[in-house]
Amino acid sequence: MKKDIISVIIRVYDRMEDLAVCVESIRSYWNCYNYFLIVVGNGKKNGFTIPEQVKNSADRIIELEENLGHIDGNAQLLLAGIDYIPTDSRYTIILEADTWIFSDEWIDRYVKMLDNSDAVWASSEWVKKYWSLGLDFSIIKTEFLKNNTNIFRFGSNPEAYVCNYLRENEYSFIYIKENMPVHIPKSMRFMQTNFGGRFRSFPCAKMVTHHIEDLENGMNSKKLLANHCIGKKVFPLGNSLLIRIEFFRLVLLRLMALIAPQSSWIRKKKTVAA
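According to the numbering used here, the residues represented by the sequence shown are 2 to 275, in order.
I should point out that these hints are in silico values taken from the structure, not numbers from a laboratory.
Careful: at least some of the hints might be erroneous.
Under the rule of at most 25 Å between Cα atoms (straight-line distance), these lysine to aspartate or glutamate pairs were calculated in the DMTMM-like manner [unchecked claim]:
hint	residue 1	residue 2
1	Lys46	Asp89
2	Lys45	Glu67
3	Lys130	Asp116
4	Lys271	Glu179
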């Protein structure tokens, strides 16, 4: 049986090592669909060119000559990729190059949920206290995306802008529970104070989002953390027993985050300008 095509727009500026692993993980561990990989970069002018191994694995490479900056550049990459989505691709995934995912079983589950609903978008809730959607990873109905490119013409708060756009135009969305919460509850900050108050490992999704510049040993540390998140040796690093222990610790930490006291339980979610 022929697999449906799902497009994946991977955006990158300078994280080329991350990009190589991101693409390799898709080709090795995403098996539910036929994924059409569109890699869009805007770092060429500053010396950040797409690696050959990525060019050999991707279906389409787009290297933009100009970079419009951190926020505008993010929107620029997404808008540039839309034009290359195949006509027979019913869904499009948007993905940051530093987001590594080692399974697509849960992706398949959310695609089927979108199939059976009026929702046009699936991603994590970004910040609990206001309406916002995570953009590191999102699944979007392609027809909606092509007819609503303005959803990526965001300002200084992209996560809020996207959510506001959907709500104001009466489009529904689905939260990806495996990727939530993104931010560590304040009542748990004493247990995990690094990574800017955010979770970077999501064991239920087999996903890691660490920035290698925040890690003492860079890429090797991130690969070891990926082993911890998955619960086994995907990369030849670490002790197998300790990897399993760290996996269960991560799972426990995520469960604690769901039950930890937080103000969002009693406060109404806010809409913020974006």
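Now for the hints, and whether the structure bears them out:
1. Lys46 x Asp89: Given pair Lys46, Asp89 is violated - Cα atoms ~33 Å apart, limit 25 Å.
2. Lys45 x Glu67: holds, 8 Å
3. Lys130 x Asp116: Not OK: Lys130 and Asp116 at ~29 Å, beyond 25 Å, violated.
4. Lys271 x Glu179: holds, 23 Å
Going through the hint list in order, the structure does not satisfy hints 1, 3.
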